[in-house]
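J.: Chains as they are written, first to last, in this note's numbering: chain A, 1 to 340; chain W, 1 to 340; chain G, 1 to 340; chain H, 1 to 340.
The set of hints was computed from the structure by calculation and includes no laboratory data.
Cβ coordinates follow ideal geometry from the N, Cα and C atoms, glycine included.
Some hints here could point you the wrong way.
[To be verified] Covered by chain H, per the in silico footprint, the following chain G stretches (three or more residues, Cβ under 8 Å):
#1 23-33
#2 50-63
[What the hints assert, rightly or not] So the derived label-pair ranges between C-beta atoms look like this:
#3 A:Thr72 to H:Asp198: 51 to 61 Å
#4 G:Asp306 to H:Gly77: 55 to 65 Å
#5 A:Pro48 to G:Val76: 36 to 46 Å
#6 G:Val76 to A:Gly97: 29 to 39 Å
#7 W:Asp16 to G:Asp275: 52 to 62 Å
#8 G:Glu95 to A:Gly136: 37 to 47 Å
#9 W:Asp266 to G:Thr72: 26 to 36 Å
#10 H:Glu95 to G:Asp198: 29 to 39 Å
#11 W:Ala73 to A:Glu313: 55 to 65 Å
#12 A:Thr112 to H:Asp229: 22 to 32 Å
#13 W:Pro294 to A:Asp9: 33 to 43 Å
#14 W:Glu226 to G:Asp214: 24 to 34 Å
#15 H:Glu95 to A:Gly303: 46 to 56 Å
#16 G:Thr72 to A:Glu19: 21 to 31 Å
[Unchecked claim] A few chain W positions that, by computed beta-carbon distances, are all more than 12 Å from chain H:
#17 Ile29
#18 Glu128
#19 Glu243
#20 Ser328
So the chains spell out like this:
Number of protein chains: 4
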Amino acid sequence: MNALVFDGDDDYEVRDVPEPELEAPTDAILEVRCAVSSGTDKHLFDDPAVEEGRILGPEFVGVVHETGEAVTAVEVGDRVVPATMTHCGDCFYCERGEWANCTDGGWELGYTRDGGRAEYARIRYADENLFHVPDGLSDEEAVLAGSSLPTGWDGARRGDIDPGDTVAIVGAGAIGLCTLACADLYGPLEVVVTDLLDARLELADRMGADGTVDASETDPLEALRELNDGHGPDVVVEAGGFEETYELALRAVRPGGTVSVIAYHDDTYGTPFGDVWSKNLTVEWGYVDGIDVPKALSLVDAGRLDLDPVLGERVALTDIEGFDRLESPENPKVVIDTQR
Amino acid sequence: MNALVFDGDDDYEVRDVPEPELEAPTDAILEVRCAVSSGTDKHLFDDPAVEEGRILGPEFVGVVHETGEAVTAVEVGDRVVPATMTHCGDCFYCERGEWANCTDGGWELGYTRDGGRAEYARIRYADENLFHVPDGLSDEEAVLAGSSLPTGWDGARRGDIDPGDTVAIVGAGAIGLCTLACADLYGPLEVVVTDLLDARLELADRMGADGTVDASETDPLEALRELNDGHGPDVVVEAGGFEETYELALRAVRPGGTVSVIAYHDDTYGTPFGDVWSKNLTVEWGYVDGIDVPKALSLVDAGRLDLDPVLGERVALTDIEGFDRLESPENPKVVIDTQR
Amino acid sequence: MNALVFDGDDDYEVRDVPEPELEAPTDAILEVRCAVSSGTDKHLFDDPAVEEGRILGPEFVGVVHETGEAVTAVEVGDRVVPATMTHCGDCFYCERGEWANCTDGGWELGYTRDGGRAEYARIRYADENLFHVPDGLSDEEAVLAGSSLPTGWDGARRGDIDPGDTVAIVGAGAIGLCTLACADLYGPLEVVVTDLLDARLELADRMGADGTVDASETDPLEALRELNDGHGPDVVVEAGGFEETYELALRAVRPGGTVSVIAYHDDTYGTPFGDVWSKNLTVEWGYVDGIDVPKALSLVDAGRLDLDPVLGERVALTDIEGFDRLESPENPKVVIDTQR
Amino acid sequence: MNALVFDGDDDYEVRDVPEPELEAPTDAILEVRCAVSSGTDKHLFDDPAVEEGRILGPEFVGVVHETGEAVTAVEVGDRVVPATMTHCGDCFYCERGEWANCTDGGWELGYTRDGGRAEYARIRYADENLFHVPDGLSDEEAVLAGSSLPTGWDGARRGDIDPGDTVAIVGAGAIGLCTLACADLYGPLEVVVTDLLDARLELADRMGADGTVDASETDPLEALRELNDGHGPDVVVEAGGFEETYELALRAVRPGGTVSVIAYHDDTYGTPFGDVWSKNLTVEWGYVDGIDVPKALSLVDAGRLDLDPVLGERVALTDIEGFDRLESPENPKVVIDTQR
């Protein structure tokens with residue numbers, strides 16, 4: 001089958017690889033319908049966990065093609081999205097509903113195991129990790145439901161937004177935009193988004209942001225602190241992923257507020273306690289769990305969550321050039337047609 | 001001054017009564033701008049706590065006319081709404097944020113003390129009980145903020161609605177409609193309203209209900225139990241006030257769900273444990289607290305809460321006949337122009 | 001094998017019945033070590049769900065004797081307690097952690113299916129429903145961990161006890177006493193127990209109650225309302241099971257407090273809204289979930305929960321007379337030696 | 001009057017200073033009964049907010065000596081402890097119960113304003129900031145209730161300890177020891193304390209720690225990670241105040257756990273996201289609020305909180321030499337007799 005794989009150096013390439021096969025009675029094989037990608041995936045090329053030949057892509061929609069004998073929750077022909085955080089359902093952490101901490105799982109799809117930018121993909125613990133797509137949704141409407149959407153959901157949820165709260169989102173990439181959509185489920189007074197890129201802020205506008213701050217022109221710390229009658233936001237979601245955005249979030253939030261760190265961080269960043277310790281903050285950080293994916297899909301189906309602006313143009317799996325061409329801030333997620 | 005008072009028998013009458021005066025250094029006198037009333041107020045005529053000559057009306061907007069010497073949070077000329085639940089701010093309950101349980105307060109405006117259907121009204125513990133109205137709001141847009149709106153807010157809040165939940169509201173009077181508006185702040189998948197009166201359900205439609213059940217034509221228990229894929233609503237708010245509506249709420253909610261009883265109940269009603277005990281319910285019941293009034297006013301000001309359909313036609317304080325004429329399901333709250 | 005069964009009339013009898021067999025790949029067969037019983041079990045004889053010949057007893061300890069091929073979490077020889085609320089792990093409710101509402105389970109052990117007062121017992125969904133007993137515990141120390149202990153745990157947990165709260169427990173049967181032990185895990189200022197039977201109150205004393213109210217001598221409503229500086233208890237756990245105890249709980253709790261109804265109720269009881277509606281109560285009622293059984297077992301093992309006073313004398317499974325002889329308030333739970 | 005003041009250089013000295021006077025109608029003057037101090041107070045000498053001549057000491061017990069005319073909650077002769085976090089009761093933050101963030105208060109006693117190591121002390125907003133001491137308590141039993149005890153209480157509370165959780169406390173100074181006492185109110189399975197000083201760990205032993213780790217001999221990270229069946233503690237309270245202890249807390253806690261940072265931090269510390277981001281942590285940090293002081297005092301009065309080991313020997317206010325002599329790990333808090 002065709003697959004988009006890491007070439008071991010610094011790029012993708014299309015290869016003809018063997019189709020995946022069932023390896024355990026709890027596995028399922030999906031025929032992939034479409035996947036998404038984005039320019040930021042390329043930072044994985046520097047991660048030693050990503051081996052040459054790895055099929056990338058944690059985020060896709062598929063149809064169940066084959067199931068192991070122990071699989072009971074899905075059947076051949078079901079349309080599904082896989083959870084980005086593979087989880088076994090039985091370990092110390094799964095018993096507590098903390099899927100991302102699963103001792104036999106975690107993020108592996110398109111990272112330590114093959115993902116979905118291919119014609120077929122294998123899913124472990126299929127009963128636990130596959131979610132049915134409502135009939136009313138197109139493949140594209142569902143494609144973010146395994147990863148970007150629940151990441152935004154968790155970013156908003158962990159922010160502990162109360163009705164009437166003022167919320168700021170730092171970073172308007174796919175995760176930040178999904179957080180924007182989900183923050184609205186908590187009845188905020190105002191959601192303001194900041195980013196350095198004008199194209200991203202336009203997307204935030206289209207998705208209903210109450211305000212945007214172009215950090216390339218305005219000091220975002222000053223702008224965010226003016227919110228909420230000058231107290232600063234009640235909740236800040238850090239969806240940027242840099243030391244600067246982490247610091248901005250901590251400094252901008254009002255005393256007693258909550259910072260939800262949902263962007264991926266893998267370095268040692270300074271926490272400026274001298275300035276923020278006395279603010280009595282709650283800080284939540286981490287991966288997506290995905291435990292609310294069925295609810296999120298229902299809300300997309302009901303028209304209460306509209307993620308369309310996050311999706312960019314469509315490109316064939318084998319069209320590497322098209323893929324490169326489409327990468328841009330206006331296209332947070334390029335949609336990959338895995339059957340072409 | 002003119003005031004609409006209980007005649008001691010079974011009706012209102014307009015009387016010329018003395019203007020209220022400051023009685024404690026923490027008092028304030030308001031010049032009332034407008035008040036609201038509804039047909040259901042008349043059940044108070046049977047309550048022994050309501051004496052002949054009482055000025056009714058817990059729900060109004062006014063401008064501060066005079067303040068006691070200990071009042072610091074409001075000034076003459078400020079436009080304000082009073083909290084329906086008078087609270088002292090210092091007792092065992094106020095320290096816990098439970099205003100409705102205040103040992104020197106509770107519901108007294110228009111009940112055990114004079115209310116606001118008059119040209120002037122006295123407010124006790126003014127610093128605690130008056131909320132500023134944002135400049136952008138008309139008197140009418142703010143008039144429900146002291147009582148009906150926070151009752152609906154508390155009804156929704158105590159329902160503990162999670163994003164994606166299915167919610168049912170039993171009863172589409174002013175309280176039920178305000179609950180409908182506020183439920184939307186919690187990201188529900190679907191909010192369905194049931195009532196016996198078609199005119200009320202039309203108002204629910206106008207306010208954005210996802211569905212309505214006309215209980216005069218359809219068995220509401222059956223209809224509500226079909227929701228949520230046949231599990232029944234995750235949350236039911238009882239805003240009806242009858243034994244039948246209380247039972248409906250308990251029977252309709254799904255196992256493990258929450259029933260928020262926000263309608264006023266003053267009788268002994270049967271709780272059908274035989275049918276519902278094993279459902280492991282959480283039941284919340286009680287008065288409004290009003291602790292979130294400032295947030296509610298901000299959300300009205302931002303256009304996120306629209307209570308306009310709850311308000312009916314406008315009538316002069318002295319126009320008793322007009323008042324009777326306007327009482328109807330289409331007019332959940334008649335607006336009283338207290339300066340005419 | 002020997003089993004203690006319902007004779008179809010109004011008593012138990014010992015019968016020689018076939019040993020249970022595996023019926024599904026997720027089943028396990030336990031060799032029962034010991035079970036417990038109490039006089040109140042006899043109310044089940046009137047319940048049409050309990051058929052003639054039913055082996056009673058939801059509460060026992062056993063050793064895994066045989067497992068279905070799909071069972072992975074326990075092995076032959078493991079010492080375990082079964083969850084009273086059988087749950088499948090995969091349904092709408094199990095996904096939400098609401099085991100008691102499982103659509104393919106709920107209370108069935110010793111009720112709608114055979115229980116554990118026998119030499120062997122079959123457990124459905126063994127991976128979900130069996131909990132390992134720590135080595136340091138005797139069979140008797142673990143025997144309440146499947147039902148009475150988690151019921152008391154849930155009774156206390158649902159009461160939402162904050163450190164420093166005043167707690168009252170209505171009813172000092174096995175459930176009430178287990179609630180007493182568990183309430184202490186929430187840092188209460190004072191836990192007071194009321195019952196009609198002096199022998200029960202002596203057990204409460206032995207288990208560390210800070211006070212007891214003998215309702216046969218003192219008006220319990222008056223006595224409980226004097227607690228908490230005259231405000232009444234912050235939390236009342238109803239562990240009695242009668243309309244009188246339900247009413248007592250509602251009337252005694254302070255305004256704004258929480259009533260946790262953990263006793264079994266199967267009738268329609270009057271809820272005196274006229275007296276308690278304005279108290280703004282939270283009421284939680286329902287079955288045990290059992291989700292915290294592993295934690296509860298750890299705390300027993302660590303000596304932080306001591307349930308010894310709940311257990312009465314030991315009797316052989318076949319000694320029906322001894323069993324009747326031991327039933328008494330001093331013996332909330334008679335321990336049944338299932339291998340004699 | 002005599003007062004122990006900062007000499008402007010690097011030490012304390014005893015001075016004869018004017019008695020404080022009422023400056024606002026909401027003030028009260030206390031006759032100080034006793035105060036506490038500790039060696040670590042001396043780090044304040046480097047803080048520019050602490051001026052020459054400042055009377056240090058946020059933590060003391062006194063008797064009300066004089067009250068402003070607006071004070072109603074305390075009377076002359078009442079024995080009280082002041083809240084360390086002065087709060088006005090009316091600002092944006094006080095309305096939310098966030099006293100430590102008060103815009104007209106915060107930590108000022110013995111910091112930006114005179115504290116209690118003197119014969120008399122002035123308290124602002126006396127109605128808000130004074131708590132009555134139960135009659136049954138000695139001055140010494142109550143002296144920690146304004147600051148160290150509620151800091152430990154908040155440290156435990158923010159850790160969100162569930163019954164059965166494994167807790168680690170990093171640092172066994174006065175704050176860590178108070179946290180140890182308060183952690184027990186949440187029903188933990190096990191509370192383990194680590195410190196570098198053997199004398200401190202002995203105090204932790206005396207206060208009921210389930211285990212101690214001497215970090216001068218054993219790698220504390222390794223030792224803490226072995227807890228909880230090798231998952232690491234569910235909750236870690238950072239009561240040390242160094243970059244090393246902050247890092248230890250983050251690295252030791254189990255995935256999905258909570259870190260409560262209660263020690264004072266005023267520098268920029270590295271947060272090792274590379275190692276801990278994927279653990280999905282909740283981190284709470286900040287000052288004490290003190291909102292639960294009345295409950296804490298009640299629990300001390302009831303014998304449920306015993307802080308005696310935290311208190312060291314007693315010294316006269318004027319005995320500077322004795323004061324220096326007593327500073328030691330065995331004496332976390334030296335008790336100062338302010339009337340000698």
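J.: Within 22 to 32 Å or not, the Cβ separation of Thr112 of chain A and Asp229 of chain H?
T.: holds (25 Å)
J.: Is the gap between the beta carbons of Ala73 of chain W and Glu313 of chain A within 55 to 65 Å?
T.: holds (56 Å)
J.: Quick check on a hinted range of 29 to 39 Å for Val76 of chain G and Gly97 of chain A, using CB atoms only.
T.: holds (30 Å)
J.: Find the nearest Cβ of chain H to the Cβ of Ile29 of chain W and say whether that gap is larger than 12 Å.
T.: At roughly 21 Å from the nearest Cβ of chain H, Ile29 of chain W sits farther out than 12 Å, so the non-interface label holds.
J.: Taking 21 to 31 Å as the hint, is the beta-carbon distance of Thr72 of chain G and Glu19 of chain A inside that range?
T.: holds (29 Å)
J.: Is the Cβ of Glu128 of chain W more than 12 Å away from each Cβ in chain H?
T.: violated (9 Å)
J.: Note whether the CB distance of Glu226 of chain W and Asp214 of chain G lies within 24 to 34 Å or breaks it.
T.: violated (50 Å)
J.: Determine whether the Cβ-Cβ distance between Glu95 of chain H and Asp198 of chain G falls within the hinted range of 29 to 39 Å.
T.: Violated: the Cβ-Cβ distance is about 50 Å, outside 29 to 39 Å.
J.: Beyond 12 Å from chain H, beta-carbon-wise, is Glu243 of chain W?
T.: The claim stands: Glu243 of chain W keeps its Cβ more than 12 Å from every Cβ of chain H (closest is about 38 Å).
J.: Falls inside 26 to 36 Å, the C-beta gap from Asp266 of chain W to Thr72 of chain G?
T.: violated (56 Å)
J.: So the hint says 37 to 47 Å: do the beta-carbon atoms of Glu95 of chain G and Gly136 of chain A match that?
T.: Check failed, 22 Å falls outside 37 to 47 Å.
J.: Take the C-beta atom of Asp16 of chain W and the C-beta atom of Asp275 of chain G, compute their distance, and say whether it sits inside 52 to 62 Å.
T.: violated (39 Å)
Hint check: violations occur at hints 1, 2, 4, 7, 8, 9, 10, 13, 14, 15, 18; the rest are consistent with the structure.
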